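Trainee: Each chain is listed here by its residues.
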Amino acid sequence: MSGAAPLVEIEHFGMDFGKKNVIRDLSFEIRAGETFGLLGSNGSGKTTTIRALLGIYLPTRGTLKINGRAFQPENGIRLGYLPEERGLYKKESVIDVMVYFGKLKGLSRDAAYKWSVNYLEQVDLSDKEKISVDKLSSGEQQKIQLGVTIMNNPDLLILDEPTKGFDPVNRRLLMNLVDAQKKLGSTVLMVTHQMEEVERLCDRIILLRDGVSRAYGTVEEVQDEFGSVLIHLEHQGRIPHSDKYMIIEDGESDSKLEVVGGANSADILRDLIESGMSISKFTPMRKSLDDIFVEIYGREELQKEG
Amino acid sequence: MAQHNLSNVVAFEIMRTVKKKRFWIGMLAMPLMIVVIFALVIFDNSHAKSTQRAQKNAHFTFEYFDQSNLIDTNIVAKLKGHTAASIQDGIASVKSGKVDAFFSYPAHPSKTATTIYGKDKGVFENGKYSSVAIVILQTSVQEKIGSAELSAIERGGIKSTTITYKEGVVAGGINALIPSMLFLVVFYIIIILLGNQMLTSTLDEKENRVTEMILTTINPTNLILGKVVSLFTLGVLQMVIFALPFIVGYSFFKSELHLPNIDFSHLVFDPQQMTLGALMLLGGFALFTGTLVALGAAMPTAKDAGPIFGGLITMIFIPFYAFSLIASSPNALIVRIFSYFPYSAPVTGMLRNGFGTLPLWQGIIVIIELWVLSAIVLRLAVRLFRYGSIEYSRKLSIREIFSA
Chain B
0 MSGAAPLVEI EHFGMDFGKK NVIRDLSFEI RAGETFGLLG SNGSGKTTTI RALLGIYLPT
60 RGTLKINGRA FQPENGIRLG YLPEERGLYK KESVIDVMVY FGKLKGLSRD AAYKWSVNYL
120 EQVDLSDKEK ISVDKLSSGE QQKIQLGVTI MNNPDLLILD EPTKGFDPVN RRLLMNLVDA
180 QKKLGSTVLM VTHQMEEVER LCDRIILLRD GVSRAYGTVE EVQDEFGSVL IHLEHQGRIP
240 HSDKYMIIED GESDSKLEVV GGANSADILR DLIESGMSIS KFTPMRKSLD DIFVEIYGRE
300 ELQKEG
Chain X
0 MAQHNLSNVV AFEIMRTVKK KRFWIGMLAM PLMIVVIFAL VIFDNSHAKS TQRAQKNAHF
60 TFEYFDQSNL IDTNIVAKLK GHTAASIQDG IASVKSGKVD AFFSYPAHPS KTATTIYGKD
120 KGVFENGKYS SVAIVILQTS VQEKIGSAEL SAIERGGIKS TTITYKEGVV AGGINALIPS
180 MLFLVVFYII IILLGNQMLT STLDEKENRV TEMILTTINP TNLILGKVVS LFTLGVLQMV
240 IFALPFIVGY SFFKSELHLP NIDFSHLVFD PQQMTLGALM LLGGFALFTG TLVALGAAMP
300 TAKDAGPIFG GLITMIFIPF YAFSLIASSP NALIVRIFSY FPYSAPVTGM LRNGFGTLPL
360 WQGIIVIIEL WVLSAIVLRL AVRLFRYGSI EYSRKLSIRE IFSA
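Line by line, the protein sequences are chains B and X. One point on numbering: in numbering that gives the first Met the number 0, the residue at position 299 of the first sequence is 298, and numbering is uninterrupted. One point on numbering: in numbering that gives the first Met the number 0, the residue at position 292 of the second sequence is 291, and numbering is uninterrupted.
Pulled out of the complex, with its shape left as it was, chain X reads as follows:
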């Protein structure tokens, strides 16, 4: 019967949520917005390509004056440019409409900016003057160096690969960071999207005056657990729907969206990091859910619970104020405090786990802390719901909570 009722609560809570238009509006608003943005990006990119092609084929007349002696006259000749007698002459030619543009190359182009004068063709189209002037300079310098590779190196086109070792084995680096950081992303999405629902899940019984009928029909532990399980299920559903446009966009419109080509085969799924990450995610979720459910049971309305709810949500962002220390100095005092203070521990722990600065023993302590505290808070939430939720229109005092 108890197991049966747990599934009844889960089914009821999920169904009553997914039947609401408000849920789907909230759920689909973000993915739809992403789809619209993707569509606009694809449209703009194709438009930009045709514009670039048009610009590439578009000819404009120009003069130049070279104080650097770097400009190759052959290259300029191919582009049908001419030398101006002086800077003033070049400017005058533009002003009079004799030519479309005039480029004034300084004696030291690496230190002083090249000045470009042109007929105004609008903010975006004016960019073509600068592009052509710079291409002429770069190509001329490349000709002088006599090697395309040296020119590329000189321009900073150097690639490097770093291989590091951890306990004699090649460390995962960024490829190990991405999978373990996914737990943090999931945590944020669930708490931000469902936090309010967690808070109001027990307020619903209270505000509808249905608590007494429920408490005499179902064990409150089953009711609270059912609500937590349904919230987690809804969170997973929400994440799948959120991720869908990205997956579709990456799979079918990668080039149109100019998305980087990620080689997923290089991702490193370190068993220790993944296990710690998953356990911290579940512990953090249970702790925040339990706390919000308890808060809902202790407060008469969502409005009364608002300030504490805001404080709790702030706690998941606080660790980012010490982001650089968390990433680089795990032994700093503030990082230690954030690592063990229950409501900042999930985010700090998952960040450190991703960066590889969370030793196994510390990870285990954080997980035990989160899970034990979650169990205590969930029991407290059940107690509060049992004894506090029939106080329909008043807040419970701390003393009443513990003396009930």
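Same shape as in the complex, but just chain B:
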């Protein structure tokens, strides 16, 4: 994966709305075939970045490229985009809307129709083909929206807050569709603040805060960078004090240490053994992304308030 060519390249991207500086200086790339997470809290600039990448906003500074050039619809890459603001032509029939989008995405009328009929069967909506979209429940509309997003077998699938407003059934459907698209070779960009999904699906992530990158790399790299490692210890004997760790929980035989100052886990294990302790279990654990997210945003909020 690390050798794959970048499909998306963003260099020194900046975006101002009037006097408000939404994105300061953002650079990252997404490699072909990977699943990339663009993370951040509300207002951190995630959607703005996506809109600028897709040419909906003109960037104030920097360059945003897909496949080596600024994105233009109808020109080049097959794109599937599920925006945060969801919607369809509500007064038109389900099949008309799907076929229209299929045609706009380059499918022939027949191909778009066949694909739509198959998809509606898959998601148990084949009996709703001819009724207008506004007669569907919101969950059913979400299924149609997902179908429209992937019907052209996209090279790049961008999902902005994909599970927002989705019921559990559709959330699972979405995740299955993402998995299926990944297997078909799609590059996936997920914009979210749902850390569980990110840990499960993403190869690499970038974490935004106030329009600035706060972490960038594989999930493990970010965990290493931001989350101090915890060590779960089963032992006999008293744990000696050290400047390489803090004792979080000091039990008779079950304790937790937090590694500090970038110390190496192997060095800590050696020190503990040399101190005469009997170690039956030594498990280094990374903090979850969720913990890191809360820690970063919480810490910065506290700093602001302070």
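These are computed hints drawn from the structure, not numbers from a lab. Note that the structure is a prediction, hence the values are computed from the model and not measured. Treat the hints loosely; a few may be bogus.
[What the hints assert, rightly or not] Which residues of chain X face chain B? A few of them, derived with a C-beta cut under 7 Å, are: (1) R15; (2) E211; (3) T215; (4) T216; (5) N218.
Each residue gets a CB set at the ideal place from its N, CA and C atoms; glycine is no exception.
With chain B's structure known, arrange chain X on it following the hints.
Mentor: Then chain X, alone, in the frame of chain B:
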């Protein structure tokens, strides 16, 4: 792909419109109303004819008193009328029911009204008394003149034909005015019938929250152009359906509808007037469509766009406040202003073109102005749609529009 998507948008927009019942209700309401009116007119005319025949054959008794000495007693005798001894006697005869009517001819019928007294037979049937009294007077005068032609001339039955020359060639006159004014009629029909649809065509994407998906799928220029082309196509369809009852009525029920016999072979299709008219129509259509589409992209809802929409529609009626000046004094200041102000220029230009008071050079300036401005406004509409239509629930400020 771009061309392909333009046709996709045109097809989708047309189909989604013609599939709506509301469209056909609006579309067919007017022609159906016209058909109903025509049917009523035909029915009434045939009923009126039989009534006239009945009235013609219906006899009523009358007396008259003639102070003008113009009434021919032979004519009265043929109609079985009698002279009354005095006006009072005549009135008394009517009141007593001895006769149905009494006509009192004054000494100077051209200056003083002839007074008619009669038994009341209802508002419409009472008219027969007046008709008979006047026919007796007219026929009597005709007898005195001794010539039906002189009588006709005296009654004002004179026809005249005016032939005028423009640059040494016979000018078209009214026959040239009719074809070139058709462009103005088409312009009004399209803007009035489709104005609201133009406004809401981009609001639809916005209100349905579908803008972002559309903008990443299709070039916004193609989308806007597709919408404009589909609107124009629907406008043409609407005009054909509107014109249909008139064409059928004129072709098959001309006499029943009492329509004038127009000799279309006399219509003059002046190439210059027709070209200027067509180009002003297209330029005006593009300008208004572009402006309304831009307005729809900048406003969150149709309700918010309403006041500006009303103002724009008013602009196409404003030139009629200076109609007489436009027709007769093309150099008046107000006419010049209306001729060059973009939103009054199409109507003023087409009116002046029809009246033959729009010189070629001025026509060219108006057309260039309309087409250039249309291109700018359409580009602005695309820009607004691209950058403004994702502001789903708020209006864009002028500053934001130009700084996007």
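Trainee: None of the hints should be skipped; say for each whether it holds.
Mentor: Now the hints, each set against the structure:
Taken as an interface hint, X:R15 checks out: its beta carbon lies about 6 Å from the nearest beta carbon of chain B, inside 7 Å. A cut of 7 Å between beta carbons decides the hint on X:E211: the least distance to chain B is about 4 Å, and the hint holds. The beta carbon of X:T215 is positioned within 7 Å of a beta carbon in chain B (closest approach about 5 Å), and the interface hint is therefore held. Among the interface hints, the one on X:T216 holds; its C-beta lies about 5 Å from the nearest C-beta in chain B, closer than the 7 Å criterion.
The beta carbon of X:N218 comes within 5 Å of a beta carbon in chain B, closer than 7 Å, and the hint placing it at the interface holds.
Of the hints listed earlier, there is not a single one the structure fails to meet.
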